[in-house]
Amino acid sequence: MDFIARVLTLLSGDPQADRAVPPTGYTARLTLLTSGAMAFLAVFALALSLATGRLADRWSAELAQTSTLRISAPADQMDAQTLAALEVLRTTPGVADARALDADEQRALLAPWFGPDLPVETLPIPQLIEVIADGTGYDTAGLRARLQAEVPGAVLDDHTRWREPLVEAASRLRLLGFVSILLIAGATGAMITLAANAALAANAQLIRVMRLVGARDIYIARAFVRRFTLRALLGAAVGTAIGTLAVLLLPSTDAAGGFLTGLGFQGWHWLWPLTIPILAAFVAFVATRQAALRTLKEQS
Amino acid sequence: MIELDNVAYSYGGAELFSALNLQLAPGSFHFLTGPSGAGKTTLLKLCYGELIATGGQVRLFGQDSRSLDRDSVADTRRRIGVVHQDCQFLDHLSVAENIALPLTVAGQTTQAADLVDLLGWVGLTRQADQLPPQLSGGERQRAALARAVIMSPEVILADEPTGNVDWEMSQRLLALLVELNKMGKTVLIATHDISLIRAAKAQVSARVLRLKDRRLQLAGADL
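Sequences listed follow chains A and B, in order.
Residue 36 in UniProt numbering sits at position 36 of the first sequence, with consecutive numbering throughout.
Residue 60 in UniProt numbering sits at position 60 of the second sequence, with consecutive numbering throughout.
Okay, chain B solo, but in the shape it has when bound:
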């Protein structure tokens, strides 16, 4: 699905990481961890075509991301659901409209029943008509997750999805992501929350990758 082959990324003359290899197989569950500034968010951006690697090759669904034109990048993003820590909503649209936005930009009709089901799945039925600034941190994260999955993407990338929520809410979000993985979705979560990773390993077979010293390593039994 997503393959990184000997990938390097430099920014402003400084190399953020190099010789990085990663394969996200269908239905796999990965955590990406590492210290702040190690490049977790950059790595995720490479995985959904927001950034282009300065070395090596990133293949998105078999295609070299460097060879994708702008429309193809947009089409590829419809196959990848992204959840950001800061959620990134359009504040003038309701929660329901924000969640349905991927369908809107793809020119697809939003089925009201499906949207209601999705809102119910993330527990935001009552908040459907509210504006994003009216939501709590946990509600925003769940809305972002609902938006990420409304197109039924094959891959879900989450960047610190539990960064702004309490333990209970982080468990609830994790449960949703695990449920998606059990439905066959490929999941990659970037987080520095070790307790979240430990909790997840009790529920799902997850590989933990650590980005450290400009290299990607498979984390050991210490997790």
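Okay, chain A solo, but in the shape it has when bound:
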């Protein structure tokens, strides 16, 4: 409560104290522009982080439950081996469902490489069976042994080979997103510190006069801190609004179906950007306060 009261006091300010420090044009514009641009970038870093997080979770969940059985056999044995494999899968504990992909589905899988009108029926391509595990999963080694005995042309791919790198890559992307946000916050702090130092240097005479009449350091610092905090809050709010709008206007996943088009927010995640202006204001508050108190100490 005390913290909230102090924040409200800072935001409401002291009109008399505010009058004492004249507005400085270019540092004001620099702070507004910097916090706005950084907030814009932070929205995308946040969207990337959240999207890759969702992607990692989805891939991890989906791929952990599905696997593919590939049957390579002469054309006259293909149907028999497919039926045999389905029978093996039906009687395997831990397999919830298994179904052979029909010609249209196989054609759709190959379409990105061969186009939409591929005559899959005339090509010696393997038959694919999608295997869905139940919550407990199945014994992969046991299933492979049974398939080797009963369906010699079957190869079980439980996706482990490429699932793990994909999930790891997505997790790394999520981490990179968060690191980017931290770097953006750090860069914002550095730039606001520079702007605050410039403002303090430009107001050296004002500081001398304020001290002469008995102003404490914290009183002088507060006048600068409040101004920079509010500028950062305003700039970041505008940058966040524009960034969020840009994310909103990205093509939807449904329309384009690609990985990158999944970048964005879903559900309550749309509330996350609201934290960016608050974070920017907090960074500005800390950066300006440190810069002001350090400068005032050095000037004494």
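Hints may contain errors.
Stated by the list, open to error - Here are the simulated DSBU-like cross-link-like pairs (lysine-lysine), alpha carbons at most 35 Å apart as the crow flies: (1) Lys297(A) / Lys45(B); (2) Lys45(B) / Lys212(B); (3) Lys297(A) / Lys212(B).
What the hints assert, rightly or not - Interface residues of chain A toward chain B, partial, derived using beta-carbon atoms under 7 Å: (4) Pro22; (5) Tyr26; (6) Asp217.
Derived by calculation from the structure, the hints in this document are not laboratory data.
Virtual Cβ for every residue (Gly too), placed ideally from N, Cα, C.
Given the coordinates of chain A, work out where chain B should sit on it, guided by the hints.
Here is chain B on its own, set in the frame of chain A:
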């Protein structure tokens, strides 16, 4: 109130003065004179905590200035009104706002009637809403004096307050300082204007100190 005990001050390896003793008793009136560069302004700065003595002890209201933290120095300055030769105003604030600045930074409310009275006392009622650069030299000095006394300080330190004004205005400023002294304020004026000192001695019991050859001496009857 303000005591300097065997004080020395060096700057850049050179000793400006040493073995300096001074006591500003409540209600006293002192002049500090001496040639340019003798250290009058430095001595005043030691008296309001702007500088720290390199030797000896400066006690401000009983406290060693060396032991005061930054907030305490600020609080001490609220008990000492300072008038500089160059006045030092905030040029974007009006004369009235500049005069009320000590109250503002102390978080105290400015009573409009008191401010009007103070402006009237220094003869700046009509200039209240003007900006400092619009004032003449004498008006600036009077505004600086008004700012120095608005907190009703116990001590008033003035550094060449008549340096930039004509004789008539210097007499007017002196009259204000004498009036403050008669109200019980301790006054120390640094000046090289001997005629001002002579004029003052006709109105008030003032001690005249001379800073010369790195020592503080009591000036004799030649003044």
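Now the hints, each set against the structure:
Among the hinted pairs, Lys297(A) with Lys45(B) is consistent with the structure: their alpha-carbon atoms are about 18 Å apart, no more than 35 Å. Under the criterion of a C-alpha separation no larger than 35 Å, the hint pairing Lys45(B) with Lys212(B) is consistent with the structure, at around 17 Å. In summary, the hint linking Lys297(A) to Lys212(B) is supported, as the alpha carbons are separated by about 33 Å, within the 35 Å threshold. Because the beta carbon of Pro22(A) sits about 5 Å from the nearest beta carbon in chain B, less than 7 Å, this interface hint is met.
With a cut of 7 Å, the hint placing Tyr26(A) at the interface with chain B is violated, because the nearest CB-to-CB distance is about 17 Å. With a least beta-carbon distance of about 6 Å to chain B, the hint placing Asp217(A) at the interface is held under the 7 Å criterion.
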